[in-house]
Amino acid sequence: MTWETTALVAGVAAPFLTAVLIFALGEHRHAARSRVNLAGAALTGTAVLAAAAAALAGAPDAYPSVGIALLDIGFSLRADMLGTLFAVVAGVLWLITTVYAIGYMSHASDRARFFGFFSVCVGSAIGIALSANLLTFFIFYEILTLATYPLVIHSGTPAALKGGRTYLTYALPAGGALAVGVVWLNLIAGPVEFTAGGSLDPVLASTHAGSLIVIFALLMLGLGVKAALFPLHGWLPAAMVAPAPVSSLLHAVAVVKAGVFGIARVVLEVYGPLGRDLGVTQVLAVLAGFTIIFGSVRAIAQDDFKKRLAFSTIAQLSYITLGVALASPIAIAGGIAHLAHHAAMKITMFFTAGAVAEEVKAYRVSEFDGLGKRMPLTMTAFSLAAIGIVGVPPVAGFTSKWLLGVGGVDAGAGWVIAVLGISSVLNAAYFFPIIHRAWFRTPKPEWAHGPASGKPEGDMRMIVPLVITAAIGLAMGVFAGMDLSPASWAQAIAGWEFPW
Amino acid sequence: MSQTDLYTLAGAALFIIGLYGLMTRPHLLHKVLALNISSAGVFFVLVGIARRVPGTTPDPLPHAMVLTGIVVTVSSTAFALALAKRIYSETGIAALDASDVDAEENAGG
Amino acid sequence: MAEWIMRQLPALIILVPFTAAPLAYLLGTRFGRPVGFISALLSQPLAVLLAITVMREGTLRYEVGGWGGPLGIDLVADGLTATMVLVTTVVGLFVTIYALGYFGDRERYRFFWPLWLFLWGSLLALFFSGDIFNLYVCLELVSMSAVALVGLTLRREALVAAMRYMLAAILGSLFYLFGVALIYGAFGSVDMQTLREIVRADTTAQAALALMTVGLVLKTALFPLHFWLPPAHSNAPSPVSAVLSALVVKGSFYILVRLWVDVAQPMAFPGVSTVLGILGATAIIWGSLQAFRQERLKMLVAYSTVAQIGYLFLMFPLVTGGGQAATDAWMGGIFHAVSHALAKSAMFLAAGLVLARFGHDRIDGLAGLSRRAPMTAMAFGLAGVTMMGLPPSGGFVAKWLLIRASIEAGQWWWAVIVVTGGLLAAAYVFRVVGPFFSREPEGIDDLDLDPGRSPWAMEGATLALAIGALLLGVLGQPLLDLIMVSAPALVAGVTP
Chain B
548 MTWETTALVA GVAAPFLTAV LIFALGEHRH AARSRVNLAG AALTGTAVLA
598 AAAAALAGAP DAYPSVGIAL LDIGFSLRAD MLGTLFAVVA GVLWLITTVY
648 AIGYMSHASD RARFFGFFSV CVGSAIGIAL SANLLTFFIF YEILTLATYP
698 LVIHSGTPAA LKGGRTYLTY ALPAGGALAV GVVWLNLIAG PVEFTAGGSL
748 DPVLASTHAG SLIVIFALLM LGLGVKAALF PLHGWLPAAM VAPAPVSSLL
798 HAVAVVKAGV FGIARVVLEV YGPLGRDLGV TQVLAVLAGF TIIFGSVRAI
848 AQDDFKKRLA FSTIAQLSYI TLGVALASPI AIAGGIAHLA HHAAMKITMF
898 FTAGAVAEEV KAYRVSEFDG LGKRMPLTMT AFSLAAIGIV GVPPVAGFTS
948 KWLLGVGGVD AGAGWVIAVL GISSVLNAAY FFPIIHRAWF RTPKPEWAHG
998 PASGKPEGDM RMIVPLVITA AIGLAMGVFA GMDLSPASWA QAIAGWEFPW
Chain E
33 MSQTDLYTLA GAALFIIGLY GLMTRPHLLH KVLALNISSA GVFFVLVGIA
83 RRVPGTTPDP LPHAMVLTGI VVTVSSTAFA LALAKRIYSE TGIAALDASD
133 VDAEENAGG
Chain R
187 MAEWIMRQLP ALIILVPFTA APLAYLLGTR FGRPVGFISA LLSQPLAVLL
237 AITVMREGTL RYEVGGWGGP LGIDLVADGL TATMVLVTTV VGLFVTIYAL
287 GYFGDRERYR FFWPLWLFLW GSLLALFFSG DIFNLYVCLE LVSMSAVALV
337 GLTLRREALV AAMRYMLAAI LGSLFYLFGV ALIYGAFGSV DMQTLREIVR
387 ADTTAQAALA LMTVGLVLKT ALFPLHFWLP PAHSNAPSPV SAVLSALVVK
437 GSFYILVRLW VDVAQPMAFP GVSTVLGILG ATAIIWGSLQ AFRQERLKML
487 VAYSTVAQIG YLFLMFPLVT GGGQAATDAW MGGIFHAVSH ALAKSAMFLA
537 AGLVLARFGH DRIDGLAGLS RRAPMTAMAF GLAGVTMMGL PPSGGFVAKW
587 LLIRASIEAG QWWWAVIVVT GGLLAAAYVF RVVGPFFSRE PEGIDDLDLD
637 PGRSPWAMEG ATLALAIGAL LLGVLGQPLL DLIMVSAPAL VAGVTP
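Residue numbers (this note's numbering), protein chains in the order written: chain B, 548 to 1047; chain E, 33 to 141; chain R, 187 to 682.
No wet-lab data here; the hints were simulated from the structure.
It should be emphasised that the depicted structure is a prediction, and the values quoted were computed from it without experimental measurement.
Don't take each hint at face value.
As the list claims (entries may be wrong) - If the Cβ cut is set under 7 Å, some of the chain R residues that face chain E in the computed set are:
{"no.": "1", "residue": "Phe319"}
{"no.": "2", "residue": "Leu345"}
{"no.": "3", "residue": "Val346"}
{"no.": "4", "residue": "Ile356"}
{"no.": "5", "residue": "Gly371"}
{"no.": "6", "residue": "Ala454"}
{"no.": "7", "residue": "Leu475"}
All residues carry an ideal CB built from backbone N, CA and C; glycine is no exception.
Start from the sequences, fold in the hints, and give me the full structure.
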């Protein structure tokens, strides 16, 4: 094993091992568990960064990979640029979220269960990122579905159990569709690995066109649930019953990005040009465009803060889907970059939701009047993230939207500009009122004098992470032109995925 | 019709009679006896097969199989009877309970 | 020396439990338990050695007493046999560890050890049998010991369930024996190797196959002849339930597979195999729905067995056409039998832990179990993953192979059944697991566990089985290779 393959295996294995240790420690050793968890997260973060370095060094022909025999396809991991981008997002944000979660859950029960399954989820997400073929991808994808369930129903209330049931009702049949699609595809095309630019033999477009179209639909059904593509998005608002760290990392980053990441893999590295020849990516693009508008419109109507963020996420995810479905490397770059950009910005927002809920017990937007006085750091971070999502430079969201717009024109789909424009206006419509309320409305009497004298505005384990993630979002935008920014990384990836 | 065929048909008839008894009689003793009748039917078939080539000495292998079968039947009958006796002393009825009588008749569900 | 051991392996493997059984009986409860444990331990390296030998050298043949067929009894070990022996031995070890704690050294359960060791030995003898008459004898041995174990507690429900099981078992064996008689009459041999070469489709032989199939289907509890299974498996003591669902039903299934796919393959009607497949599909749907409706945990798990057995029968219609579909269906069906054995035994052992701790197994009364008994809840949940056929589990690999086989054979409707079955299984699994996480109502009391019991060992054994089923999902390739060693011609891709 070379250092590259060690990093690859460590990145996936470390979270799972951390989970086993957490379960073994039992419920009551909180300090030991936090140390184990943080150590595991730090190790994982390092490993995925190392894997990304290996990917960069080996691009585009000599990516390190490792695997064992399983069925005729094999259970294999690979460190390529697209995969390590997602892995780094998940791994680095896990470390930050762990600190946040330790703070958020400090008075909660069943913490061993929580942190254990949380680690399994992160491990699965990294496994999804670093999978070398559809079988490995599917295995981790379903583990993710299962491991998220205990987290969604964590509080054990009837509402939580109902949210969990809704989640499973969407996710399990989707898994079934995905399974059939993957098995069928492997039957037709043989044991295919993910390959930049598509791995299906172009001949198949003429011999098996009908089957390939049905398979694509099945795969999109399976992936579209996690990617919150209309009409498969219904579970996401229901899942907001989960604790805030779950909503932040999983439902803003790991679980939902696993869905769009899967779509990116299938469209770019399995179907490749066959997607356009068969007409399926065009349908996908339109559906994504519709979801963008739909999510944004629904967000405006939500008073519950987390639900508003959920619908915003639904819309934002489809930016990524739209990007990869368009026939232009610029659009593809925009979509892939948004995977990282949105993660940083949205996680900040969910961290805010949790901090505000814990500190001042405000759960609805209508309760946020004057919050900027009571929790200035928090609301500054939130505001920064919000303008990023709307697409105002220099925060990261602007870069990805710009690339998407230019790419849309490049692909001959000018309607994309209209969608982007309308959704930006809608984004402003559901985020700017929050900013306005927080900073410009009269606060409640007990908030009017800021945080209690001498004390921080909230548990620092929650406040510091959200400031950091907001700063990351800002940095991604400001430094977008640099070589190692997500935007540059995405452009390099797009160049290889779309070589013509 | 050869001797073997006769024995085979007789054996099959006994088998079916036993099967009928097993399914229709609720009393445990009757069920056990019915199974014994079915076993006898199968042994008939085997004995008949031993003589399938007339004029030569009978084939000893089916005889061995019948003997094994008899031993198995005797021990399982003994076990079944002990179990039936125990059920009778525990429940006062020598039957699986009433609803299962119907189940046995319909052979399932 | 090593060579000699390898030659004797089939006999050695069977002798270990068969020697331990009378020893356990004679020595009484105090020494019976260690005898059982040692026997279980000794069996492990032997079974692994068998698997390795078969992988390397192909089919192993042992003539008992040196006599050889047709009058002597031959023991035969090909890939399928080695697989079944391996799974019996591994499940047996963990059930033994569990039983040591579960029964303690209480006098009323003193017959568990001789009976269990005898059942173990009979199962092994069944898998090694080289002729179809010896299979009848082993079927009876297995059934008798299983029936006795069902009634072990001497509770009224258990006795009645045992009686029903016994009557069904004896009937099934009789049908089978009738078929053996007719086959001998038609072809003059009971040796499977000989029959493989001379069997052909004439009326007597097909009648024989039909009779044997009816008997074996009854013993495997395929819908609609499954009526005896739920009461028997739910009223038996939990370690016994585990063995019944995991191993005993696989014994008669093994014989069906031997007949249909291997020995009597030329006589197989495509029509009849489709009927078997349809019954299997019905079992999956009906069993899962019934499981969902149950109030008691052990009844739910028992109906889950009825449903999961249905998957095994999907193999038959997919195998008849030969080709790659047959190979995949063969691997998928056998692998499913193995994974189910591990996961189902874990489920029943977990149910037993629940019973021992709370005194009941009412599903509605298990709220908050993840807090009270985390290892038990985790084991049950992980075992449920295999039932649902989700990764990473052996159940998933089996499901993958069955779906692939259905698409390859052009019979895609079985794939729909497989996926639907997984969703239905999710319904009954999450019906139990969901409340594990809920806010528990006040006032659930722990029963005082018997001081002789060691919950760690019992929980560990349960969890080990559940994790084993998961590991099969990722590390299962060597087992798939073993299943294919000396596989029957129809599924080995060899043109006969």
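Each hint, compared with the structure:
Using the Cβ-Cβ criterion of 7 Å, the hint placing Phe319 (chain R) at the interface with chain E is satisfied: the shortest such distance is roughly 6 Å. Among the interface hints, the one on Leu345 (chain R) holds; its C-beta lies about 5 Å from the nearest C-beta in chain E, closer than the 7 Å criterion. Taken as an interface hint, Val346 (chain R) checks out: its beta carbon lies about 6 Å from the nearest beta carbon of chain E, inside 7 Å. A cut of 7 Å between beta carbons decides the hint on Ile356 (chain R): the least distance to chain E is about 5 Å, and the hint holds.
Here the hint on Gly371 (chain R) is kept, as its CB sits about 4 Å from the closest CB of chain E, short of 7 Å. Hint status for Ala454 (chain R): violated, given a least beta-carbon distance of 23 Å to chain E, over 7 Å. For the restraint placing Leu475 (chain R) at the interface with chain E, the shortest Cβ-Cβ distance is roughly 13 Å, beyond the 7 Å limit, so the hint is violated.
The structure is inconsistent with the numbered hints 6 and 7, although it conforms to all the rest.
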